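Chemist: Sequence:
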Amino acid sequence: MNITQSEVQDGKLTATVTIPAADVDAAIKKAYKDAAHKYRFPGFRPGHAPRAVVDNMLGKGFGLVDATNRIINDAEPAIINELDIVPVKEHGDIDEESLEMVKDHEDYTYAITFALRPTPSLSSYDAVEIEMPPAEVTESEIDAQIEMLLGYHATFEDVEDRGIEDTDFVTAKVENIKNAEALAGDSRMIAMGSGNLPNAFDEGLMGMKVGETKEISWTPETEGAEEAAVNVTVNGIKARKLPELTDEFAKTGFGFDDIATMRDAVKEEIAADKESRLPQLKENRCVAKLAERLELDEMDKDYEQSVFQELGQNFLQSLAARGMSLDAWLQANGMTGDQFIADLHHQADDVARESLALDALARELKVEVTDGDVDNEFKSAGVDDPEATKERFVAEGRMPAVRDSIRRSKAVNWLVENAKVTEVDETAKDAE
Numbered sequence: 001m002n003i004t005q006s007e008v009q010d011g012k013l014t015a016t017v018t019i020p021a022a023d024v025d026a027a028i029k030k031a032y033k034d035a036a037h038k039y040r041f042p043g044f045r046p047g048h049a050p051r052a053v054v055d056n057m058l059g060k061g062f063g064l065v066d067a068t069n070r071i072i073n074d075a076e077p078a079i080i081n082e083l084d085i086v087p088v089k090e091h092g093d094i095d096e097e098s099l100e101m102v103k104d105h106e107d108y109t110y111a112i113t114f115a116l117r118p119t120p121s122l123s124s125y126d127a128v129e130i131e132m133p134p135a136e137v138t139e140s141e142i143d144a145q146i147e148m149l150l151g152y153h154a155t156f157e158d159v160e161d162r163g164i165e166d167t168d169f170v171t172a173k174v175e176n177i178k179n180a181e182a183l184a185g186d187s188r189m190i191a192m193g194s195g196n197l198p199n200a201f202d203e204g205l206m207g208m209k210v211g212e213t214k215e216i217s218w219t220p221e222t223e224g225a226e227e228a229a230v231n232v233t234v235n236g237i238k239a240r241k242l243p244e245l246t247d248e249f250a251k252t253g254f255g256f257d258d259i260a261t262m263r264d265a266v267k268e269e270i271a272a273d274k275e276s277r278l279p280q281l282k283e284n285r286c287v288a289k290l291a292e293r294l295e296l297d298e299m300d301k302d303y304e305q306s307v308f309q310e311l312g313q314n315f316l317q318s319l320a321a322r323g324m325s326l327d328a329w330l331q332a333n334g335m336t337g338d339q340f341i342a343d344l345h346h347q348a349d350d351v352a353r354e355s356l357a358l359d360a361l362a363r364e365l366k367v368e369v370t371d372g373d374v375d376n377e378f379k380s381a382g383v384d385d386p387e388a389t390k391e392r393f394v395a396e397g398r399m400p401a402v403r404d405s406i407r408r409s410k411a412v413n414w415l416v417e418n419a420k421v422t423e424v425d426e427t428a429k430d431a432e
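Quick note: the sequence shown, position 414, residue 414 per our numbering, numbers continuous.
The set of hints was computed from the structure by calculation and includes no laboratory data. Bear in mind that the values here come from a model prediction, so they are computed numbers and not experimental data. Where is the CB? At the ideal position from N, CA and C, for every residue including glycine. Treat each hint with caution, since some may be false.
[To be verified] The following label-pair restraints were derived from C-beta to C-beta distances:
#1 Thr4 <-> Ala401: 21 to 27 Å
#2 Arg392 <-> Ala154: 51 to 57 Å
#3 Glu283 <-> Asn235: 42 to 48 Å
#4 Lys173 <-> Lys379: 57 to 63 Å
#5 Ile341 <-> His37: 40 to 46 Å
Can you build the whole structure from these sequences, using the hints too?
Modeler: Written as structure tokens, this is what we have:
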């Protein structure tokens, strides 16, 4: 197979492909043989009907059409591997009007066009600057964790002499005005500050008193979302009361000898959590900061759609692994299908921008991927047979995507190693 590629124009690359005559003849032979097996031809055993009979029964040139499709489909993975590209659509585009059928004993030449993701630049390739929680455990972090533990023993007392505060438990009648069916209910129980409801809804409730009615409206922070509105009547307010932490309560409530022992145990737990969590947090913040430098006003729709589909498939697979349907998940999280799709598109745009930013950094750094890098990628994937898996990826045209992933990983490593970090006690900052 001979491949000649054009220059990339408007995000598209066209390859002119020539298939040798010997491969064309083999494809034609197989097409007719498969047809002879698939269909019944009176007077012939399955698989033994000659070409002339197949053409007479199924239409002249039936096998040539089938062979043409086979050649194009079978060659695509090899073309992608040879060009070392990752198309944003599942298959390349063929100009059907100019496409000719294969001919016996002749080379076959055709053109195929692939849509590629954009290649924008960054406004700067310098090391990023980020804020991170300190590696050491702070007193404010211990205090916050203990307060959370005390919350499991919290009590709630009815209040009528003040408005709603940010830690209250509220009972309210919520009437849908528009686009808020999931929130409606005659006796909705609302835990303030839980993050389960729109921030604007929580903010609208703040200060309301028992018996008060108010209209609250907001626009969800997802692209294309329409304004939502509800009418809320407060039926009851319960204030959250935490128990006093004493040596005796540390023992009876949590099983520690005293407060000091409890704080030491909490500190140890937070330290272990930080050790496992902070590296990924640093990576995420570095990549997010880099994405802010991407010089791209509007995301390419085809690329965003490819990321959207991948995120959606991964999410559905994770739900299936947990034995949960999408409908059940939506109901549990108070979301409609349209809201979920809009949110997933928003996530896809973020992921796409981060990926393109890493691609741009990798180009600037002139990151190279060696055969050893590829071998290590498959060995570290935890598959039973790395070599067989690698061969399957080659056959499916997925090796360029593997190399892309390795390039991005190397770009991330450089980004993390060179980041300028300012430590901030975020728990204390939030408390203030």
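Chemist: Next, verify each hint and record whether it holds.
Modeler: Evaluation of the provided hints:
no.: 1; hint: Thr4 <-> Ala401: 21 to 27 Å; result: 23 Å, holds
no.: 2; hint: Arg392 <-> Ala154: 51 to 57 Å; result: 54 Å, holds
no.: 3; hint: Glu283 <-> Asn235: 42 to 48 Å; result: 46 Å, holds
no.: 4; hint: Lys173 <-> Lys379: 57 to 63 Å; result: 60 Å, holds
no.: 5; hint: Ile341 <-> His37: 40 to 46 Å; result: 44 Å, holds
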